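Taken in order, these protein sequences are the chains called A and B.
At position 14 of the first sequence the residue is numbered 14 (the UniProt record's numbering), and the sequence of numbers has no breaks.
At position 169 of the second sequence the residue is numbered 169 (the UniProt record's numbering), and the sequence of numbers has no breaks.
If you're looking for bench data, these hints aren't it; they were derived computationally from the structure.
Owing to the predicted nature of the structure, the values given are computational and were not obtained by experimental measurement.
Treat the hints loosely; a few may be bogus.
All copies of an identical chain are treated as equivalent in the list; a pair is satisfied when it fits inside any one copy or across any two copies.
Unchecked claim - Lysine-lysine pairs mimicking DSSO-like chemistry, simulated, CA-CA at most 27 Å apart: (1) Lys22 with Lys127; (2) Lys127 with Lys2; (3) Lys121 with Lys22; (4) Lys127 with Lys39; (5) Lys196 with Lys121; (6) Lys127 with Lys196; (7) Lys2 with Lys39; (8) Lys39 with Lys22; (9) Lys127 with Lys114; (10) Lys22 with Lys114; (11) Lys121 with Lys39; (12) Lys196 with Lys39; (13) Lys114 with Lys196; (14) Lys35 with Lys196; (15) Lys22 with Lys35; (16) Lys35 with Lys114.
There are 2 protein chains.
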Amino acid sequence: MKLYNYFRSSASFRVRIALALKGLSYDYLPVHLVKGEHKQESYAAIAPSRLVPTLELDDGRHLSQSMAIIEYLDEMHPQPRLLPLDPFRRAQVRSLAQLIACEIHPLNNLRVLKYLVRDLKVDEEAKNAWYRHWVRDGLEAFERELQQLPASTYCYGDQPTLADCCLVPQIFNGQRFNVDFGGLTRTMAAFDACMKHPAFQQAQPSACPDNEA
Amino acid sequence: MKLYNYFRSSASFRVRIALALKGLSYDYLPVHLVKGEHKQESYAAIAPSRLVPTLELDDGRHLSQSMAIIEYLDEMHPQPRLLPLDPFRRAQVRSLAQLIACEIHPLNNLRVLKYLVRDLKVDEEAKNAWYRHWVRDGLEAFERELQQLPASTYCYGDQPTLADCCLVPQIFNGQRFNVDFGGLTRTMAAFDACMKHPAFQQAQPSACPDNEA
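With the hints as extra help, turn the sequences into a complete structure.
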């Protein structure tokens, strides 16, 4: 398999975590978002949506959208499982993942921040306030959801799930913008547990070949 | 089952479509977003994230996040299927749904538009331009994805899927803000096919008990 991705892209990071958890090897193909490589014809031919990540299967077919890719990997390579077998529990994990992927992250990705600055003439301080507002607001909702669940090491139970694949990149992003994580007890405990796991360390931006830090 | 929802909420509309496609009956419990009913204690006790929709099962358990709810319904009530059985095809449908639910809709929901106006002091014209920009930009990506697929009645194949459950509410929203749908040939053909289907008609905002139109 090949993964078209960018070290700092949260959605790419999610898929790298899933691949690492499952011990699947892949070719890392960097797509430099800040240089606009995702909009070039060579990438657009592979990914009509021009977003990262894209997973290329060994037979040459492509898949996009990080959660769809991760569920595909989980169905094809079920060990270790990233979604519980029970339908209700599986829905709860998907719900946690979507709370991040549909409610927090979309408001803070690169193209949105660019629009705020370029089209709405928002200054640096207001842009950062926007960023922090949505991350904090969303993570508070996430924390309230976790508080309803039985005690666990990770977001949902004692093994990493799709929810952890989404949470960790969101925390990394929030750290870059100095988001206040105070009081997010369960959330940050899950994050800390993840960061002790070798798969999460292996997938993190600083471990990527295109890392610029 | 009971569905806590709001007639104009896109995420609620998605779940109503899925319930209607499967012929499942439910109690319609309106939560008035504009009046802030989702933030009241009575609702927060049911939905810690304070978002709509929430599905209450007959045993009293709750599920949130529209795509997670729809996948749960599809697993528990598999006829008619809203996701193909083949893992790759299923991933393609999820990817289309997520292209709307993770890339377009989050930028245009009520709380985001409120933040633009209240915190960023964006005027009505710039707010509408923001809205139209993200819907148009996202639907162009969606259209490019559809153009890669074999000809079909709906978004993916000749039966409605999760992708159609997400597309139709997004088009409804876009219509309210006069988005230009020109050139979105496959997308709008799928929308038109959906709107000839009784389940989509039955689920639309104007057919809801809390409709204010």
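Hints, one by one, checked against the model:
no.: 1; hint: Lys22 with Lys127; result: neither (37 Å within a copy, 44 Å between copies)
no.: 2; hint: Lys127 with Lys2; result: neither (34 Å within a copy, 40 Å between copies)
no.: 3; hint: Lys121 with Lys22; result: neither (44 Å within a copy, 47 Å between copies)
no.: 4; hint: Lys127 with Lys39; result: both (24 Å within a copy, 26 Å between copies)
no.: 5; hint: Lys196 with Lys121; result: neither (41 Å within a copy, 43 Å between copies)
no.: 6; hint: Lys127 with Lys196; result: neither (32 Å within a copy, 43 Å between copies)
no.: 7; hint: Lys2 with Lys39; result: within (19 Å within a copy, 44 Å between copies)
no.: 8; hint: Lys39 with Lys22; result: neither (30 Å within a copy, 40 Å between copies)
no.: 9; hint: Lys127 with Lys114; result: both (9 Å within a copy, 16 Å between copies)
no.: 10; hint: Lys22 with Lys114; result: neither (35 Å within a copy, 42 Å between copies)
no.: 11; hint: Lys121 with Lys39; result: within (24 Å within a copy, 31 Å between copies)
no.: 12; hint: Lys196 with Lys39; result: neither (36 Å within a copy, 36 Å between copies)
no.: 13; hint: Lys114 with Lys196; result: neither (34 Å within a copy, 39 Å between copies)
no.: 14; hint: Lys35 with Lys196; result: neither (33 Å within a copy, 44 Å between copies)
no.: 15; hint: Lys22 with Lys35; result: neither (31 Å within a copy, 46 Å between copies)
no.: 16; hint: Lys35 with Lys114; result: within (13 Å within a copy, 32 Å between copies)
Hint check: violations occur at hints 1, 2, 3, 5, 6, 8, 10, 12, 13, 14, 15; the rest are consistent with the structure.
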